[in-house]
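> Sequence:
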Amino acid sequence: MERIKIFDESINDLSELGVITTIETKKIVIGKIVKTLPVFKIPIELLKYNQKNGRIFSEIFKLKKQDDLNLDDLEIEEYNDEIENLIWNSDEGKNAITKQSINDYGQLENGVVLIDGTVIDGNRRFTCLRKLNRDNPEIDDYKYFKACILNVDSNSGISEKDLRKFELTIQFGQEEKVGYKALNKALSIYNDISNDDISIPEMADILNESRSNINKMIGTVKLVKNFLVFIKAPDDYGVAEDLKIYFTLEPLNNYITKHKNIYSATEIEERKMIYFTYLAGVKFELPTQTLRDKMIKLIFKDPQEYQIFKEEFDELIDDFERELAPKDDDDALERIKDLKTSIVSEQLRSLFDKTIRKIKLKLNSEEPIQILKDVLKSLESINLTPFVNANHEEKIMQIIKLLDLVGEKNDELKKVLDKS
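The opening position of the sequence shown corresponds to residue 1 in my numbering, with each subsequent residue numbered one higher.
A couple of the hints might just be wrong.
With a Cα cut of at most 30 Å, we get these calculated DSSO-like pairs of lysine-lysine [what the hints assert, rightly or not]:
| id | residue 1 | residue 2 |
| --- | --- | --- |
| 1 | Lys-181 | Lys-64 |
| 2 | Lys-337 | Lys-244 |
| 3 | Lys-94 | Lys-62 |
| 4 | Lys-244 | Lys-354 |
| 5 | Lys-272 | Lys-310 |
| 6 | Lys-401 | Lys-373 |
Read the hints as simulated data drawn from the structure, not as lab findings.
Could you put the whole structure together from the sequences, leaning on the hints where they help?
Here you go:
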């Protein structure tokens, strides 16, 4: 879709809109070209927020879903009010600091806007200026957002892809841009790559990330999407953010990546559904660590105990699915909250704890055997010939003393076994 221009390229038309030319310039790198652009003071009522701001990806989705809202149908002021609230609430503490800084010193860092008035660099500053302007409408400095203006067309030499790369660099690629939610970042990356807008190598280069890390984010987002379908809340990323599932699903993604060529697709799916069930249905104090260190590293790793666990798990799954099924006028968060206090949740937790105890007991019972095997292997590797040939009497005496101690410990352990 072609961008609608609210600014004309001529300075005269810009001034007619109340845009003021400054003596400042701003250097940006876009399309691998350094551009030095003039900075303007732009009336804030001419500007609008960027819906594609990855920083608030899940929040925008949640807003649309909860209020059945089509942002594109709103008047610009109403649209801006909605997005402003999302940005302010996403990090109220940091926003308050920025607002106070602008109040004390003015807007120190210039932004970037498109020819249609969309703010692509400086949404936080734009938000603070809007608030300051409402509080102090008589102060001129709060009426304007200082920014350079980008035009995306064949004449400017800037393509839509160049622009998207630039946006991603602004949002996620700069070291100082910290505090972004991991899910929002991963969703933005997933969308661009799944839509073939940007390739994995390009994304890795833009964000200064390894390709394997980009693949990990994509894989984890796919699991987030799968999990939302599982809990009957498809694509509701607001629920995903509220449940804080992104990092908890990372270990499962790592497990699937490592074992996808070992187990069949059916076996992988089976383990995924078990993981989802416990993530949705059982309350753990530390869900990420518990599911990673116990479900994956113990239960999934022990074929015999896993099979026993799976058989008992299958007996509970019908009750679990009945509890998980949507009720009239409920929402996913309420269902998950109720599910975690249900009888089937207690049964799932009991099965989990019982299986972990059995596996740990088995591991503890095998530990002495493994230690003795390691000791024997170490003893077999000892070569005493150099000490004998060199006539190192002091070291030879030390070795004899240690061997006597080993013999004594050997006798002690045998006596313990003889009593059993």
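> None of the hints should be skipped; say for each whether it holds.
Okay, the hints, checked on the actual structure:
1. Of the supplied pair hints, the one linking Lys-181 and Lys-64 holds, its CA atoms being roughly 19 Å apart against a limit of 30 Å.
2. For the suggested pair Lys-337 and Lys-244, the alpha carbons sit about 13 Å apart, so the restraint of at most 30 Å is met.
3. For the suggested pair Lys-94 and Lys-62, the alpha carbons sit about 22 Å apart, so the restraint of at most 30 Å is met.
4. At roughly 27 Å between alpha-carbon atoms, Lys-244 and Lys-354 fall within 30 Å of each other, so this suggested pair holds.
5. The suggested pairing of Lys-272 with Lys-310 holds, with an alpha-carbon distance near 12 Å, which does not exceed 30 Å.
6. Of the supplied pair hints, the one linking Lys-401 and Lys-373 holds, its CA atoms being roughly 22 Å apart against a limit of 30 Å.
Checked against the numbered hints given earlier, the structure satisfies every one of them.
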